[in-house]
Amino acid sequence: MALTALEIYKLLPKTNCKDCGFPTCLAFAMQMAAGKATVELCPHASEEAKETLGSAAAPPLPKVTIGTGRDEVILGDETVLFRHEKTFYHPTAIAVSVSDDLPPDAFGERLRAIRALSFERVGQRIGVDLVALRCGSGDPVAYAKAAAAALEATGLPLVLLAPPGPLAAAADAVEGSRPLLAPPAADLGAAAKMAAERKLPLRVRADGIGGLYDALRAARAAGAKELVADPAPGDSRGAVEGSVQIRRLAILSRNRDLACPTAFDLGEPFPEPFGTAALLIPKYGSLLVLDTADPADILPLLTLRQNVFTDPQRPIQVEPGVYAVGNVTSSSPVLITTNFSLTYFTVRGDVEASRVPAYLLIADVDGMSVLTAWAAGKFTGESIAKMLSGCGIGEKVGHRTLILPGMVARLSGRIEELSSWRVLVGPQESSAIPPYLRRLPPAAFLPANA
Amino acid sequence: MTVALPEQRFPGRILPVTLPAGPGGSPVTVGGQNALPCTPEGERPNLPAVGMEVRTGAEELPPSLRSAIGELAADPVSLARRCVSEWGARFLFLDLSLCHPDSGGRSVADGAALAREVLDAVPAPVIVGGCGDEEVDARLFPAVAEAAPRPVFLSYAEEKNYRLLAGAALAYGHGLVSWSPIDINMAKQINLLLADLGFPADRVIMDPLTGGLGYGLEYTCSIVERIRLSGLQGDAMLARPVLCHLGDAWKAREASDASETSWGDADRRGRRWEETTGLACLAAGADLLVCRHPGNVARLSGAAWR
Ligand code: B12
Ligand code: SF4
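Just so you know, the protein sequences line up as chains A and B, in that order. Mapping to our numbering: the first sequence position 422 is 422, numbers consecutive. Our numbering runs 450 ahead of the 1-based position in the second sequence.
So that you can see chain A by itself, here it is in the shape it has in the complex (with noise of 0.2 Å):
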């Protein structure tokens, strides 16, 4: 676990001679413990000091990358079990399979539908991160021709499903982009040589937590580094116990022998494999792959990864401020809503949907809902009115007409009390906003004549 800030400051130098940076010992040892400082700042630390805190500053959980670049995809480096405690850090990374003894034709279609698979999501880009490259012809020519396609045709990073021959092939034929090596449990020797000779990251498969204890071993002593664990499950059950179990390991027994990131194989003939996945999700998977390049499939497992995924500290939020929709002039509507990105898009959907010009006026609430906001006291007739007097809408419109979300009904009386704004209460429904907008009489939104 880590260490307390006297546990720390035990082992250091104890002279307050400032080096760090900090004013004493004490104060450097109370920094790291909250990990806003690192033991190398210390130039007089003790060999076993550094041995010590560095190894407990490290995450327990190791970091793996596959891809480069933009669509490099990071697994592991997670420090707790549950979100609430911090948050989880890095999304479960959702690889879907091609095979490359497809006919031509399909693999390409193929290829396209696994590309097309990329949603915008309340201002997020959430999409499949990985192709996974099963080996059906068992050549090695055609494979890596095939990872080669693949490459080309997503620009996704690849997880190369394959034995040695034809995996050593692909990784040739995609130098460069960081692939998954993937063996089979049987062909781990080989695949770890491959591994450390082309300093890439290995899938270890192996049966259950003890033969991943002996395979994990023996990658790492082929000179194998960044590893991922498959317990190579047989069902729903053992892929979920597997996965908590080696999350486990590495955050509650400091295991580092066991402490991996983790790979299912969630494809034909597993058993379950879109329930299980919404189970791994949750439930610490670091990399699912799956056979199912259906969006109906697809959209609901990545937005489940986009909710657990998010800082519970900080909702999705957008900068707040006051929004043109459309070609605005002096006297479109406006109006008022939260700065929750979920509330903000739904809102600015609908709003484009009307296709009425409208300035939208994004309160600042920490990214809550209109409704939780207004129970938490930060949307209030107060601090609304304040807004229209400080957002500068005053000078970009020549009326004083706000429309307010039909839910907060209630605040209109105050608003009208603290401002010279009139307010027209929309419907409580977003949804509802096109055909809103589009029966307003323009009366409404003339100059005030004031």
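Zero decoy hints are in this set.
To list a few chain B residues with every Cβ distance to chain A over 12 Å, as calculated:
hint	residue
1	Pro470
2	Gly472
3	Gly475
4	Thr479
5	Asn496
6	Ala523
7	Gly623
8	Asp652
9	Asp685
Computed footprint of chain B on chain A; a stretch qualifies when at least three of its residues, placed anywhere within it, have a C-beta under 8 Å from a C-beta of chain B:
hint	stretch
10	243 to 251
11	270 to 282
Source of the hints: derived by calculation from the structure; they are not laboratory data. Only a predicted model underlies this, so the values are computations on that prediction, with no experimental measurement involved. Just so it is clear, CB atoms sit at the ideal spot from N, CA and C, and this is done for glycine as well.
Using the hints, position chain B with the ligands against chain A.
Frame of chain A, contents of chain B with the ligands only:
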């Protein structure tokens, strides 16, 4: 090599609670475990149970539900029968929204009579939900409590109405669902208030409000996990079975919008939206799930091994 596996042992245990059945039916008992979900250690005498919602008010069904239960939408008694006998629901959540002014506005007497009819028609345990209108529910729950021919659970008791609900439930031997809006302190508070009234703890299940997938689900998952951890660590007021009602999953645009073809078939997507919501709740520690799609009863029950 055999590796010593970590275990998380706890002093507390979740209180077992039984939803009673009618003659010939099987009661549902949940709780009793002293371990976290998805782990191999500890004892878990009762697995999570999956039930189905029977809705009564006028509403427009999403495509996925229209094709699955549309023909029964106007006939709650038949729907209730099918849920239990055909689709494997272990209990029912009867929602009396027909009494809501906006979705039928039927009288409280009609609501109570319908509850009675459903209870007579199926032997499975039943949770009876109100219509959501505060003023109507204040009359509806006492009427249901009186009319019910056998013990049910009333959903739900919150800070505003718990005296009324506890009174009605105590007078006729019913149980209660204690509700709170994704807030562990409020969840504890409502259980304390019920305990102060002398309401028996083994007749209370907790509903911490379930946000749908993409619309607040993560808040629910974290609250369920925190409730479960606190309960196992010895907080008796939180050591109670948790119910997750997946109804909000169907409110998501993604669960119903057939116009967005790049999202795939709306029928399958809607079912998946609810299934995914339910699976995440199971992983967090839910003991009771309420779903609406018949196909999801078996899917969610299949994952209820923990
Ligand atoms: C998730 C959630 C939370 C999360 C926060 C999420 C967030 N970032 O905001 C958490 C758990 C932190 C939370 C906290 C609280 N919550 Co809360 N929460 C919810 C929940 C489940 C979903 C909210 C949500 O995401 N809605 C989705 C967004 C898109 O909705 P929206 O912003 O309202 O926008 C819609 C409409 O308002 C409209 N709209 C929006 N803008 C505009 C603009 C115009 C012009 C128009 C016309 C329409 C329009 O369109 C949108 C889509 O239809 C709701 C219950 C529910 N199912 O709604 C309760 C709910 C909002 N919470 C509630 C409460 C009481 C609270 C708390 C006070 C208590 C608590 N639980 O601790 C705290 C307050 C916060 C605090 N003090 O820290 C209550 C509010 C009661 C009431 N009727 O006013 C609710 C309704 C639950 C309930 N039934 O009691 N909550
Ligand atoms: S540099 Fe090292 S010895 Fe000097 S004050 Fe900082 S921690 Fe203490």
